[in-house]
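Turn these sequences into a full structure, and let the hints guide you.
2 protein chains.
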Amino acid sequence: MKLVKVYVTLKPSVLDSQGEAIKSAVHSMGYDQVEKVSMGKYFELHFQDYENLEKDVDAICDELLTNPNIETYRYEILEEK
Amino acid sequence: MKLVKVYVTLKPSVLDSQGEAIKSAVHSMGYDQVEKVSMGKYFELHFQDYENLEKDVDAICDELLTNPNIETYRYEILEEK
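Chains as they are written, first to last, in the numbering used here: chain A, 1 to 81; chain B, 1 to 81.
Watch out, some of these pointers could steer you wrong.
Which copy is meant is left open, because identical chains are indistinguishable; a pair holds if it fits in one copy or across any two.
Here are the computed lysine-lysine pairs in the BS3-like style, where the Cα-Cα straight-line distance is at most 30 Å [said to hold, decoys possible]:
{"no.": "1", "residue 1": "36", "residue 2": "23"}
{"no.": "2", "residue 1": "5", "residue 2": "36"}
{"no.": "3", "residue 1": "41", "residue 2": "81"}
{"no.": "4", "residue 1": "5", "residue 2": "23"}
Note that these hints are calculated values from the structure, not bench results.
Spelled out as structure tokens, the structure:
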């Protein structure tokens, strides 16, 4: 089994309004040392082992998990017992 | 500067309906090798350097970024140039 951890974030050129809102809330809690907050999505996919796993992960990320117009992704593939 | 990456996931006992929906969509794309999908949230917080950063990160996670009834979190603190 493989565990694929996918991190989806907004492209740097896109305004992260959720991140900005969280930054304001953090400041109102008194933590002024926080200079920037970004919010994204996180997925864990558990795969059976097989060849060409990465190609399929790319397809799933491109077609389902992200909006390629505004989001970008990275992932890591871990061995799972 | 420190970069804090926070991963928020549902507790295992909580039904992950978004994850289930994504798993169904992945299967309908033909990728039957995916056995389980979990969806969570991902945050990046950029902090000024200071002592006791972890205590504040814990407070921000507990009070703002997660719903402690149904979610759990982990984070990593990285050095940022």
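Each hint tested on the structure:
no. : hint    : in the structure
1   : 36 x 23 : within (6 Å within a copy, 33 Å between copies)
2   : 5 x 36  : both (24 Å within a copy, 12 Å between copies)
3   : 41 x 81 : both (25 Å within a copy, 25 Å between copies)
4   : 5 x 23  : both (25 Å within a copy, 14 Å between copies)
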